[in-house]
Amino acid sequence: MKKMVLFLFGHPYRESKLLTLYYWVAVSMYIIAVALLLITAILTGDIGFWMSFIMNIVGFPIIFRVVYGLVTRVNQMI
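Residue numbers 1 to 78, in UniProt numbering, belong to the letters of the sequence shown in order.
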């Protein structure tokens, strides 16, 4: 599980406790959201919802890595 999280979200920035907390909160919210969306997708069976589910599974970690990387670079410059 830890290797999958590191693959999806990258490594947390350990020098800042706030950014590390932000990282783990985002990861835990992602796991909860994926579980709930999967249950909803199974119960509804709608193909549009499945496509939305797949896009969210792929899209959120990419957007998170970009934003988190920018924030950590700005924090390193300060």
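Be aware that a few hints might be false.
Said to hold, decoys possible - Label-pair ranges, simulated between beta-carbon atoms:
#, residue 1, residue 2, range
1, Ile57, Leu19, 36 to 44 Å
2, Gly48, Ile78, 39 to 47 Å
3, Gly45, Leu8, 21 to 29 Å
4, Glu15, Ile42, 21 to 29 Å
5, Met51, Trp24, 35 to 43 Å
6, Leu43, Gln76, 39 to 47 Å
7, Met1, Gly59, 19 to 27 Å
8, Leu18, Ile54, 29 to 37 Å
9, Val67, Asp46, 28 to 36 Å
10, Leu38, Glu15, 18 to 26 Å
11, Val25, Arg73, 32 to 40 Å
12, Lys17, Ile39, 15 to 23 Å
Quick caveat, the hints were computed from the structure, so don't treat them as lab data.
Computed from a predicted structure; not experimentally measured.
Glycine included, C-beta positions come from ideal geometry on N, C-alpha and C.
Against the structure, the hints come out as follows:
{"no.": "1", "hint": "Ile57 - Leu19: 36 to 44 Å", "result": "violated (24 Å)"}
{"no.": "2", "hint": "Gly48 - Ile78: 39 to 47 Å", "result": "holds (44 Å)"}
{"no.": "3", "hint": "Gly45 - Leu8: 21 to 29 Å", "result": "holds (26 Å)"}
{"no.": "4", "hint": "Glu15 - Ile42: 21 to 29 Å", "result": "violated (41 Å)"}
{"no.": "5", "hint": "Met51 - Trp24: 35 to 43 Å", "result": "violated (29 Å)"}
{"no.": "6", "hint": "Leu43 - Gln76: 39 to 47 Å", "result": "holds (45 Å)"}
{"no.": "7", "hint": "Met1 - Gly59: 19 to 27 Å", "result": "holds (21 Å)"}
{"no.": "8", "hint": "Leu18 - Ile54: 29 to 37 Å", "result": "holds (32 Å)"}
{"no.": "9", "hint": "Val67 - Asp46: 28 to 36 Å", "result": "holds (30 Å)"}
{"no.": "10", "hint": "Leu38 - Glu15: 18 to 26 Å", "result": "violated (35 Å)"}
{"no.": "11", "hint": "Val25 - Arg73: 32 to 40 Å", "result": "violated (20 Å)"}
{"no.": "12", "hint": "Lys17 - Ile39: 15 to 23 Å", "result": "violated (33 Å)"}
Violation of the numbered hints given earlier is confined to hints 1, 4, 5, 10, 11, 12; the remaining hints are satisfied by the structure.
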